[in-house]
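The primary structure of each chain is shown beneath.
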Amino acid sequence: MQLYFTKEDLIHANEEAIAADRNRTLIPEKLQQLSNKNAYPVAKAFTHNGVEVRCVIVVDETGRMAMKTTYRLPLVLAVLAPAIGAISLSQVACRTPASGPSAMALATLAAHEGHELFAAHCVACHGGHGRGNGPAAIALTVRPRDFWNERCRYVSTLNGVPTLEDLMQTIGSGRHFGAMPARPNLTDVEVHILAEYVREITRLGWEDRLTKEFADDDETTPEEIREIAWERVTPGELAAVRGPGLGFRADLEYGRQLYLEDCAACHGPWGRGDGLDMPLDERGKPIEVRDLTSGKFRGGTGEEEIFKRIKCGIPGTPMSSAAASDEDIWQLVRYVRFLAGRKR
Amino acid sequence: MRRSNTNRLAVGVVALCMLGTSRSQAGYEGTDVKDGGSIVGTVRFEGKIPKRRRLKVTGADKPCHSKPIPNDDLVVSKDGKIRWAVVSIKKIKKGKPFPPADPENPVVLNQQGCRFRPHLVVVPPERTLRILNSDGVLHNVHLYARKNEPFNRSMPGRVKQLEVTFDRAERIRVGCDVHKWMGGWIVVAKHPYYAVTGKDGSFRLENVPPGTYTLQVWHEKLGTQQREVTVSPGADAEIEFVLKRK
Ligand SMILES: [Cu+2]
Numbered sequence: 084m085q086l087y088f089t090k091e092d093l094i095h096a097n098e099e100a101i102a103a104d105r106n107r108t109l110i111p112e113k114l115q116q117l118s119n120k121n122a123y124p125v126a127k128a129f130t131h132n133g134v135e136v137r138c139v140i141v142v143d144e145t146g147r148m149a150m151k152t153t154y155r156l157p158l159v160l161a162v163l164a165p166a167i168g169a170i171s172l173s174q175v176a177c178r179t180p181a182s183g184p185s186a187m188a189l190a191t192l193a194a195h196e197g198h199e200l201f202a203a204h205c206v207a208c209h210g211g212h213g214r215g216n217g218p219a220a221i222a223l224t225v226r227p228r229d230f231w232n233e234r235c236r237y238v239s240t241l242n243g244v245p246t247l248e249d250l251m252q253t254i255g256s257g258r259h260f261g262a263m264p265a266r267p268n269l270t271d272v273e274v275h276i277l278a279e280y281v282r283e284i285t286r287l288g289w290e291d292r293l294t295k296e297f298a299d300d301d302e303t304t305p306e307e308i309r310e311i312a313w314e315r316v317t318p319g320e321l322a323a324v325r326g327p328g329l330g331f332r333a334d335l336e337y338g339r340q341l342y343l344e345d346c347a348a349c350h351g352p353w354g355r356g357d358g359l360d361m362p363l364d365e366r367g368k369p370i371e372v373r374d375l376t377s378g379k380f381r382g383g384t385g386e387e388e389i390f391k392r393i394k395c396g397i398p399g400t401p402m403s404s405a406a407a408s409d410e411d412i413w414q415l416v417r418y419v420r421f422l423a424g425r426k427r
Numbered sequence: 019m020r021r022s023n024t025n026r027l028a029v030g031v032v033a034l035c036m037l038g039t040s041r042s043q044a045g046y047e048g049t050d051v052k053d054g055g056s057i058v059g060t061v062r063f064e065g066k067i068p069k070r071r072r073l074k075v076t077g078a079d080k081p082c083h084s085k086p087i088p089n090d091d092l093v094v095s096k097d098g099k100i101r102w103a104v105v106s107i108k109k110i111k112k113g114k115p116f117p118p119a120d121p122e123n124p125v126v127l128n129q130q131g132c133r134f135r136p137h138l139v140v141v142p143p144e145r146t147l148r149i150l151n152s153d154g155v156l157h158n159v160h161l162y163a164r165k166n167e168p169f170n171r172s173m174p175g176r177v178k179q180l181e182v183t184f185d186r187a188e189r190i191r192v193g194c195d196v197h198k199w200m201g202g203w204i205v206v207a208k209h210p211y212y213a214v215t216g217k218d219g220s221f222r223l224e225n226v227p228p229g230t231y232t233l234q235v236w237h238e239k240l241g242t243q244q245r246e247v248t249v250s251p252g253a254d255a256e257i258e259f260v261l262k263r264k
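Going line by line, the protein sequences match chains B and F.
Just so we're aligned, residue 84 is where the first sequence starts under this note's numbering, counting upward by one.
Just so we're aligned, residue 19 is where the second sequence starts under this note's numbering, counting upward by one.
Derived by calculation from the structure, the hints in this document are not laboratory data.
Any given hint could be a false lead.
The calculated PhoX-like cross-link candidates involving lysine-lysine, where the alpha carbons are at most 20 Å apart (straight line), are [as the list claims (entries may be wrong)]:
#, chain 1, residue 1, chain 2, residue 2
1, F, LYS198, F, LYS66
2, F, LYS69, B, LYS368
3, F, LYS69, F, LYS262
4, F, LYS239, B, LYS295
5, F, LYS239, F, LYS66
6, F, LYS52, F, LYS96
Just so we're clear, the structure is a prediction, and the values are computed from it rather than from any experiment.
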């Protein structure tokens, strides 16, 4: 089932959300209301470099909603496209390697192009200023990230700052178990530009918050705040995801002991995410502790991704970075995968 | 804030490239102080003296239930003296050096009985703060730093200690997501003229170069207040701060 709704619908939904302070209980009703209508015009349509871009909202059978961007080539290009496949906006041909322009050139480009790309692909959910308050946000069960005020969750660094690759991964491939879709139609260069743009929003957000927080401290200068904001978006050392090593043997009993010591307090003795009551995120809003038996890991279910989540923690949430040795983290990775696979 | 030497090196190099000097030492010079004086005083509470509350402790972790845990965020004696207030001189550019680092005896913040002991520590920038876990249960050391790198690290029962350092002066709230009632403060000092009030609300800053200064008191619940103070050679300048609920 595919639903299209009007901009007015989305704006109205957004106003309601603001009025209700994003009370999540609204959502099932909202979904019901939306799915009663069969088809809507596209939420947003515009032209980008001669390509018509349409943003639509897709609702699948489970009621999960996702923003989908579709493209329509101008007639002349559409005719030519099969002949010169490389320039078509088909899923594969467009993913050119990002090795062409230098990082600096990309950063400059990002300022110009980023805004436009962001407007094309991100605003419906993340909002015009990247604050997670786009018109479609209310309809989403997983709240879109507010880049201005929140930290990115899925990182590979020990200081919790996402690398550009981390951001590109999320933008290009999307996130499972939420509304963040993959963007196979974007080129790697476009994904890179968007990553830079998101990082810039994050930096400006830090600058803004620090300026407010230290407004009455006459020993804090604007220069210092700018410098700190840059530090907050500068990725640190990478978590070494080298694999468990040759002599490694997964020992589920040992893994279970580690799990009980290191993880059970929050994730519960059986991994059902029931160890903490009322966990809060960085903005004091309630969040869920992941039910590990569900296997629904937003950062990815692969061993390396799970390793990173344990090693680096999940910034902005209670999920702390591990004190365990890398060897022990691999044991935990195996045990967590075991829990995930054991479901029912 | 750094967690390992390699990490320190990596970020240290970045910092050097950016600034050319160490950012934490910028703006303060430690020298010999001749004819220094002292600032002594107390921090007093105005209003109805708040009672010490017993915090609501949940969960099955045994060490958390071994003793009642009182709140530390507003500790006022019967005669109205405020504990855990931080008194410091503002904008002092030159004065006594920080005491030499003692690697054997760094500043220590302990997690004991599911409570931070002491409730508040003062640590110079780039000096080791040793965080202990005496409880044998999982805590997570969650530092809500703003000028320094935010930090959230697991400390399972078998991990007895962890060391961190800070680059920039600021007041950092410390929490634990496993035990929500746990709360403490790390004050990263700009210079050595910081004092924490004791049970009797008193503080003492010694060896201050003669001159006129702005003295600031900060308390986590009661906010900040500033007073002018003039220090004369060899004398005690006395000052009393009076704080009330905002
Ligand atoms: Cu704790």
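Practice prompt. Go through the numbered hints given earlier and state which of them the structure violates, listing their numbers in rising order.
Written response: As far as the earlier hints go, 1, 2, 6 are violated by this structure, in ascending order.
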